[in-house]
Amino acid sequence: MRAIKHMGRLAACAVTAAALTVAAAPAPASAAEAVSHPDYEFSFDGIFGTFDQAALQRGFQVYEQVCAACHGIRLVAFRNLADLGYDEDEIKAIAARYQVEDGPNDQGEMFMREGIPADRFPSPYRNEQEARMMNGGAYPPDLSLMAKKRKGGADYIKALMVGYTEPPADVELTPGMYWNEYFPGHQIAMPQILYPDSVSYADGTPATIEQMSRDVATFLMWTAEPMLEDRKQMGIKVILFLLVFTGLMYAVKRKVWADLH
Amino acid sequence: MALQTNSRVIRWIDHRLPIFTFMNHELNEYPTPRNLSYMWNFGSLAGIALVIMIVTGILLAMQYTAHVDHAFDSVERIMRDVNYGWLLRYAHMNGASFFFIVVYIHILRGLYYGSYKAPREILWMIGVVILLLMMATAFMGYVLPWGQMSFWGATVITNLFSAIPLVGPDIVVWLWGGFSVDNPTLNRFFALHYLLPFVIVAMVFLHLWALHRFGSNNPLGIDAKGPQDKIPFHPYYTVKDLYGLGVFLILFAAFVFFAPNYMGHPDNYIEADPLVTPAHIVPEWYFLPFYAILRAITFDIGIPFTGIVLIDAKLGGVIAMFGSIAVLFVLPWLDGSPVRSGRFRPLFKQFFALFVVTCLVLGYMGAMPAEQPYVTISQIGTAYYFAYFLVILPLLSVLERPKPLPASISEPVLRGGGTVAGATAKPMEKP
Ligand code: HEM
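Chains as they are written, first to last, in the numbering used here: chain A, 1 to 261; chain B, 1001 to 1431.
FYI, nobody ran anything at the bench for these hints, they're computed from the structure.
Where is the CB? At the ideal position from N, CA and C, for every residue including glycine.
Please note that a few of the clues may not be correct.
A few chain B positions that, by computed beta-carbon distances, are all more than 10 Å from chain A [to be verified]:
1) 1062
2) 1092
3) 1133
4) 1170
5) 1179
6) 1206
7) 1213
8) 1318
9) 1332
10) 1403
Covered stretches of chain B (in silico footprint by chain A; criterion: 3 or more residues with CB under 8 Å from a CB of chain A, positions within the stretch not fixed) [unchecked claim]:
11) 1238 to 1244
12) 1248 to 1258
Build out the structure end to end from the sequences listed, making use of the hints.
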């Protein structure tokens, strides 16, 4: 089955003489071990896509109340939460909920203090060893870049959250492992975390598994690519400018060359 | 002829250092065949791509930290906290891919139109040196963000040198500056990644110097017969190159702004971890055909029936990979056909088309795991790659009967019912 898919791709590759198609070639390499997952619709998809701030705030709530117990987002600073629509006071209040390590003080001691907007989110464990010790040998990876370091990105994260099922009858799970439709190899050390009403949303949205998964995937896309909106907005302007420039150059080129042909 | 100008300052300088005369001669009045197709846009595009890489690279280097503990985070800081850092980084990342796309088309153009033949052999060979330098630069640049593919790519490729008999393992330790890819490796890669692009600039100057000696080849592959065959570079080709630049930048911007990670590997967003080997280690797409050639040699080469191994599979792969570039150096002496342009070479044309397909297929195989049927396909591809240069081209030089060549460049150009050559266009003075 997989061989047929590869042959199809191979045929497509051979007939397409454009050098650009070579660029598509690296993708199938990881397809070998990954499981394909659904392609969900997100507000940030496409050329004009933007983040839905309400979904980001809900996703942050899911992260903070559920995932943060095991996963960090160490690359994100509290001040970045302004993107989610929080104002300065709200961000200060959120930061103050966390304890961060600082120091050394004038006695040479490290000490804990309340977070301020300039701090980054502290991770739940001091290091990988502690994380593994607390999770039966498994390591809950930092989630800051999760939407970029896995093929499929936000789609994969959402699929993973809704993908917990009973294992097929002929499979015996390794102790401490759970069955997930979309995890490569299907056996994952993270148990199903999201159940209906795991969080109670501040904006009153019903907290279904589907809703929470979508929201947390949106939030993690933002932690991985916070400048996505700036990038697309600038891109549209740049491309419009270039279209005008190129059209103009084409007209000038025709004019200049007219006397030659 | 010295530059004519009313500015006394320019005349004063030009008399002492004729730089303005030089620029005027090489960039303005420089006589160029009048029939160049859009295939001739890729040289100037490569030059612009190089400038884009150097400008974005220097700005990145101002924020980047070449230390194993900080490299990954410093790149993420560039992406998140540096003003327009994401733009610099994505432009540099995709710029490398576009640089290779442009240069590969540029090279295939040369292969098809016989631009490597006399009197342009040295021009061609300098081009091959530029390609090698670009590969070294891009390989070391890819190590800098210190992701999983950075680290494991560097480990796999530097390890190739251990295949060299006797001194191989010592060379690898020397390259690493230690006993594995580590901080000294990252530091020297950064130093060289900063240096080599400027060596490329120097090579580009030599490349252009050699080019301007005889001027561009052209789609007909015949020499210009007189001034009616040539037009001044400016304004004809400046404006044509600007139009080409516009198209290039639209495609480039489409990737930078809307699919910046499409050509990258997701694993490089995982910080390097010497203890965790990724399932598949794949190089950047532009190395894939060469990677496929490297892995196609799965057998030892020795004296038959004696069991004596002269070249083991690993060394064979390394030789084949470097050989695939080295063969380009001697290409001018492998293809002895007096006809440059593939247009007039009916047999060559077909073998060339197959060569292009082979390169694409090899690129695809490079991304596949080292299993069947990919290994066999890679071997067939590798065989054809070398046969094309070492067997087919030399044979065609003797066997092929080329079609008759046109009398001059302007003859077929004008056959379309245009005005008489040079009637309104400025004809070229003899330079
Ligand atoms: C021939 C021209 C060049 C090529 C082909 C090239 C290629 C590359 C590549 C492929 C990367 C990895 C990008 C990534 O995946 O993140 C990179 C990174 C980098 N390059 Fe270059 N480069 C060139 C010129 C330069 C120059 C002139 C500088 C200036 C010093 C420079 C500085 C850097 C820095 C600081 C990084 C690390 C930041 C990053 O990974 O984005 N590059 N380069």
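Results of checking the hints against the structure:
no. : hint         : verdict
1   : 1062         : 19 Å, holds
2   : 1092         : 15 Å, holds
3   : 1133         : 20 Å, holds
4   : 1170         : 33 Å, holds
5   : 1179         : 23 Å, holds
6   : 1206         : 26 Å, holds
7   : 1213         : 25 Å, holds
8   : 1318         : 22 Å, holds
9   : 1332         : 24 Å, holds
10  : 1403         : 23 Å, holds
11  : 1238 to 1244 : holds (count 4)
12  : 1248 to 1258 : holds (count 7)
Consistency note: the structure conflicts with none of the earlier hints.
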